[in-house]
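As you go down the protein sequences, you meet chains A, B, C, D, E and F in turn.
Oh and the first sequence: position 168 is 167 in numbering that gives the first Met the number 0, straight run, nothing missing.
Oh and the second sequence: position 5 is 4 in numbering that gives the first Met the number 0, straight run, nothing missing.
Oh and the third sequence: position 127 is 126 in numbering that gives the first Met the number 0, straight run, nothing missing.
Oh and the fourth sequence: position 161 is 160 in numbering that gives the first Met the number 0, straight run, nothing missing.
Oh and the fifth sequence: position 175 is 174 in numbering that gives the first Met the number 0, straight run, nothing missing.
Oh and the sixth sequence: position 245 is 244 in numbering that gives the first Met the number 0, straight run, nothing missing.
Hints were generated in silico from the structure; no laboratory data involved.
Predicted model only: the values in this text are computed from it and were never measured.
One or more hints might be untrue.
Which copy? The list can't say, so a pair holds if one copy fits it or any two copies do.
The calculated lysine to any residue pairs, modelled on SDA-like cross-linking and capped at a C-alpha distance of 25 Å, are [to be verified]:
#, residue 1, residue 2
1, 104, 166
2, 104, 16
3, 276, 224
4, 266, 44
5, 58, 269
Chain by chain, the residues:
Protein chains: 6
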Amino acid sequence: MSERTAYVNGEFLPESRASVSIYDRGFLSGLGVFERTRTFGGEIFQLDRHIARLYRSLKAVRLDAGLTAEEMHETTVELVKQNKGLLGADEDYFVGHYVTRGPDKAGRATVVILCEPIGFDKFAHHYICGGHVITTHIRAIPTQVWDPKIKSTSRMHLWLAEQQAQLVDPEAYALLLTLDGNVTELTAANFWIVRNGTLVTAPVQTILSGVTRGAVLEIAQHLDIPVEETNFQLYDIMNADEAFMTTTSRCVLPLTRINGNAIGEGKPGPMVGRLQKGWTEVFGQDFVVQALKHIDKDKVPEGEAVPL
Amino acid sequence: MSERTAYVNGEFLPESRASVSIYDRGFLSGLGVFERTRTFGGEIFQLDRHIARLYRSLKAVRLDAGLTAEEMHETTVELVKQNKGLLGADEDYFVGHYVTRGPDKAGRATVVILCEPIGFDKFAHHYICGGHVITTHIRAIPTQVWDPKIKSTSRMHLWLAEQQAQLVDPEAYALLLTLDGNVTELTAANFWIVRNGTLVTAPVQTILSGVTRGAVLEIAQHLDIPVEETNFQLYDIMNADEAFMTTTSRCVLPLTRINGNAIGEGKPGPMVGRLQKGWTEVFGQDFVVQALKHIDKDKVPEGEAVPL
Amino acid sequence: MSERTAYVNGEFLPESRASVSIYDRGFLSGLGVFERTRTFGGEIFQLDRHIARLYRSLKAVRLDAGLTAEEMHETTVELVKQNKGLLGADEDYFVGHYVTRGPDKAGRATVVILCEPIGFDKFAHHYICGGHVITTHIRAIPTQVWDPKIKSTSRMHLWLAEQQAQLVDPEAYALLLTLDGNVTELTAANFWIVRNGTLVTAPVQTILSGVTRGAVLEIAQHLDIPVEETNFQLYDIMNADEAFMTTTSRCVLPLTRINGNAIGEGKPGPMVGRLQKGWTEVFGQDFVVQALKHIDKDKVPEGEAVPL
Amino acid sequence: MSERTAYVNGEFLPESRASVSIYDRGFLSGLGVFERTRTFGGEIFQLDRHIARLYRSLKAVRLDAGLTAEEMHETTVELVKQNKGLLGADEDYFVGHYVTRGPDKAGRATVVILCEPIGFDKFAHHYICGGHVITTHIRAIPTQVWDPKIKSTSRMHLWLAEQQAQLVDPEAYALLLTLDGNVTELTAANFWIVRNGTLVTAPVQTILSGVTRGAVLEIAQHLDIPVEETNFQLYDIMNADEAFMTTTSRCVLPLTRINGNAIGEGKPGPMVGRLQKGWTEVFGQDFVVQALKHIDKDKVPEGEAVPL
Amino acid sequence: MSERTAYVNGEFLPESRASVSIYDRGFLSGLGVFERTRTFGGEIFQLDRHIARLYRSLKAVRLDAGLTAEEMHETTVELVKQNKGLLGADEDYFVGHYVTRGPDKAGRATVVILCEPIGFDKFAHHYICGGHVITTHIRAIPTQVWDPKIKSTSRMHLWLAEQQAQLVDPEAYALLLTLDGNVTELTAANFWIVRNGTLVTAPVQTILSGVTRGAVLEIAQHLDIPVEETNFQLYDIMNADEAFMTTTSRCVLPLTRINGNAIGEGKPGPMVGRLQKGWTEVFGQDFVVQALKHIDKDKVPEGEAVPL
Amino acid sequence: MSERTAYVNGEFLPESRASVSIYDRGFLSGLGVFERTRTFGGEIFQLDRHIARLYRSLKAVRLDAGLTAEEMHETTVELVKQNKGLLGADEDYFVGHYVTRGPDKAGRATVVILCEPIGFDKFAHHYICGGHVITTHIRAIPTQVWDPKIKSTSRMHLWLAEQQAQLVDPEAYALLLTLDGNVTELTAANFWIVRNGTLVTAPVQTILSGVTRGAVLEIAQHLDIPVEETNFQLYDIMNADEAFMTTTSRCVLPLTRINGNAIGEGKPGPMVGRLQKGWTEVFGQDFVVQALKHIDKDKVPEGEAVPL
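Here chain A stands alone, though its shape is the one from the complex:
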């Protein structure tokens, strides 16, 4: 076998044939919900939590996947098993679940599960120099329109925010503020600052509560690091000691600039280091080492040493 398979509505198909009808309401109207899990060494990480959240999203939009959570779990395991052999050295997968309303004529949801290699080269250098965060005029979706806790496939505003942020820096991460100006999250990651030894992150009311965010809460408890889940603003980022993002693929990735200014010392700080080490202790993977094996050296700023 030389091609990855994907699960589409009951079938395991080679990706080149894995498609959905042009009449799928996921395609036509963004009517769907999704999850993105990852593997470590080919093993799926916290799949249960991702599937539980998928079913919360489904319930909130009144969509019936046609599979139970257990069936979704088993199908996922089977798909990863089929594709595991295609992973190169130090590679891993995003495992994506997409459930859409399907074509109106079908009268049932479309379910897609896919394995997509994580593009470590896109961000590995950020473990060394940190990422750049930009706020734009585009605001987070307010709960009066739909709840940001629904992981919806209608993501137009996130793309618009990325486009706008990348006018400043093509590698920037866009940070979304609420209509009221509070910090929420990056376009596909939770955002944290470190302030006087405390981790600070937005409360679950206005964000998608990430599974990786939950993992870091566990690590913080393990390491006895205090955490505040509270509203905060741009001022707090400008004056933070450190900042970082948590997301499925990057786990804990340092962010060292905000709107062109250095955060703290302007380089990855000790708290991020502690959390990265804590991750290895608690979950047994060293995601930084893995990512650095894929580093794109052209993206490392001059003068920065690559530790591996």
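Please arrange chains B, C, D, E and F on chain A, whose structure you already have, making use of the hints.
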């Protein structure tokens, strides 16, 4: 030929094979814009205006379709030509244009054009008894998130509003209010009231300015009917003389109930009749006669006569 | 004595003669504040807390009742004493306090205290099948207009919300959201969800902090059940394990549907059961048993057993 | 006959016996709508317009008065006829219509019509020195809660605004701003400024469109005075040439101070004079002359001459 | 004389000695209002309008300048006379009026009038290639805080917006949106788009209504160009045919990019050309020719010809 | 030496010569940040905390003071040393730090440090009778415009709020509400209420977190007084047991009236007394005794005894 064709990225394909990759960002993330035009007697109606609006949406989301507006026009004409023969008596097509970001690997947009028979039986009876409008807690997308003038394929909130409205009446049309409580539009149609002989509809700042809305503005000018494009509220609907919707498929369709209450006399009124006649005068089609040929008689309230 | 008496401005009058001038500013302009307490077995429950809250409302609207809190208390006790004999078996009273600005010419407040039999038949079946909660486009009064903590007799929006909710289900309870989309309260009750064994209810900033809500906080402490007073949204209700309301008459009443969807299992859950039992332990009344004696059997869904 | 009569639910009663049950939901919950018309020389002014607006309010809150508009009109005429003889020299009536939900047990609305002598002495001196307008922190009811076009008896916020304004000046008129800071109306009157010869007043979307406001629009047309119905702000009042209010009892009354500052010259200006004269031309009454006959001379600032 | 003079509180001083106390509340707290007028060929342009607006600002903040408008006018003329000789060839002045609360101990306002040479080299090249407009997360001051029509010296947000915009392009002009997402103005200029031959600019409710904006309204009337003063959004800029700014120093300057995208053809368009010519016709100055004499050739994009 | 000196851009100058250029952008545009520290017995109180906050403000507006925090500290100490001898008996200084953008031509910030005698006579009587708090229509700056945690010299809205509050009472303190109606702070002080033995104050998200506020948090911890940092509203002030302000000059000053109503008993309460005593215990100064030595006896209400 016994199957309709669709245009997908340069090819005319039978619909059963017309599909998009599961990696298409239109499917995964709702990153796309679209239009829905209709035919009358198999001839496309005001295609230029729809294509112009499509290109305004594209510009606003910085997406390059890979085709010029002229090419899009020619391709559309060709597709309709291919499918025209499959139209039954008194049938017509929706002609849908969908342009999405495509799969990330493709590095170019996905362009789909499709011909979908209009389901007249779903709404033909509303020309006789009028439709029912329901307001819900779901609000229109505010411009701080993305501009409602972009005809985006990210439409989660519209679906949520429809679900909520249909708790009251399975045939209800959901009306979206702004965060400030002003009337905007139905989930896929512009909304109008008639007040003391004047047509009143929301201003273009907070709505998708419909092509059919434009057609009615032309008819109003032709018939010397005054029009106000202004913010109005639920109170004004409760106290309106008549109400109606304008949309590609239904053209001008009367709305006779708002949140369970009769609007005006609770039946299609004289102004709607004038506009429907005016349509025939100005554009040469009698859309009501056509739709009634497909009427689902089970949906006509008892005691109502079907004029045909 | 065969007719209940009410207290009106210093006099105890038979209810058929208990009236206020048409010039009363409570009648003309909704300028008043109120409380509704209940009796258990003819004994007034937590009267002090209701009167304390009444005087907080009076202070916030700068209205002088003309009676001290102590006099208000004594008068209430006397009124209930006068009416107690008219209670039927297993019946109890709402004890209502209404203080309005009075007629402008009077130059002093109108004070009314009344005993109204609780209509258990209207809701007793909800202890068995649970109530249905509906959110509508009508929003809670924001503090910029007047503070929702004032228990004002200006209640137009609550009536409008009930009318709208009852389009879906004539027995529905309307749930009010803030302008920002946060859950506040039902039209005359506090609203709670149960999430992973924790009771969750809106914070006192945006709601009228109910006396019964306080009673449940006491019970939760007694039973060691964790409580979060925090903002939450519709998503959280859709995904809650259970939900219930607290209000003077119903005490703790299960809510099993939200906008047409089942909450949790769609039937009264174990946490509601614990709280109802806890109420009996802490306060000595079994309000469910009492209410079920008045049940309207026509309202019990088929197949549900009535435990008494 | 020495006592005025009022109409209450089908009966004409002496006012001392005109009352409503303490169970009336108008009294308990502010669930009602109303109108206030006035007489000139004992003749009712523009009763049709007031009754039409009353029925629009009724429709918006889904309340059935139990009387047709025609019956309401006739009953009003009869009541005024009964009371006309009790008017003193140069006196006139407010004619109030109040329709509430009534007591729940009654199952029908309460209808009250009353004749209340206009207290000219409270405001007559303002025709000479002008009134004082104060803005406070209390905001107008937003349409998301209920529409300000409904003339509701739930008026708590208006009272709170008056109390706050009268901390500055016991005779002040409170001006309500929207949540967004736009000028709406006084607590029972429309508000206007004069700017470069143009009358400016808030648009009907955010205010109760007054019948007297309509009368002034007529006069302006008669006198060829340009009018702008547009949003404006406090800045515009601070820099206006003149300001005035329109309301049933006062018709056109000059306002000469805003938040302690003079408006224009700080005294009634020429445009107000033109409108007052225009009123006499168009409607045949000289309301200023009438009011000044009742002037409370203690309220006239020293040095101001009373013209009569 | 080799040094410019400035007017400070009654004295004409050489600029090197023109200073204000560190206790001036203008310096300590931004408590002041201002105007910036310009000269053409050393003659002051529309000074009366600037001084009238200055006095409107003063009135709105209740500040007494201690000089009448006439005295302010005469003093200004005198100052310009003193400084006119120091103008180089083709140079002109900004004439700034600043009135602050002064030091608390002084008990009277500080009045400063100054002549500052216009830095044509900073923007002259924009007449050739057009300026770049950027929207940021910083919003315009809302009228609930203070009215944007007050030309206040408290300008922190405008500076923050400029800093943020200049992350994208060091020469960018920052465009402020309202809290609701409507376009207002640039940090020191009004903003316009051209749409189908019509000039569109924000309504005076949410902006400082510029004197130059007024001049362009006059020109448009002279040239019979239609104008809409209406709310519009970013979508409208993305899809505009042209855009430009109006401001004291630059008069009418083309804007050719919005958030990195070309506006229209991406170069100064014909409408801007008409308005610039119209300016010369109506007001007799050719401001483009003047500015181009100072052009910084390093700032002209390669391949662009400089017309002079 | 008979005149105080101030530090201005590197020099210590007599105050009569301490000035800034009229071109300073602090003066022209309010582009600066500041701090106000005080001395006790001529010793600077918590200078480090004030300087740390100054540098957080500087960072948030991207302004480089040109001095390190250490240099700022030393310079301040030197300035106070120079001026200490000029303090009269029982007098003390405000020590103000002002850093502005400076004149554009200078290309560097202006730094001013000044010593201003505290005007104890302005407020000493409030320790006896308490101050009066007024809410107005002017709202606090929202974070979308700039963050209220930046201690900016752009303070126009604070002045407007004071002017409006002082229409009610010339000695009133203006209390700012957020756009949402939550209590924030006074124009130059934090605001607290006492409720059932707990101190309640606004959370740091919407206010400038005062250094004196921090001092009171320390005292509360020392005295074991519970504290809630939470949003609260006007209702809570109307019903509070006590209220007080904390600010550099007044430390802990009782507030006894809100919008004309007594707070609690309407006189300084026991909690304020405890905190004032606690201050002496923790920090060693008796600020009340000091202030009363400067009392303006004409401001003490009749019948109130002055304890010293």
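Which hint numbers does the structure go against, in order from smallest to largest? Hint check: 4 fails alone, others pass.
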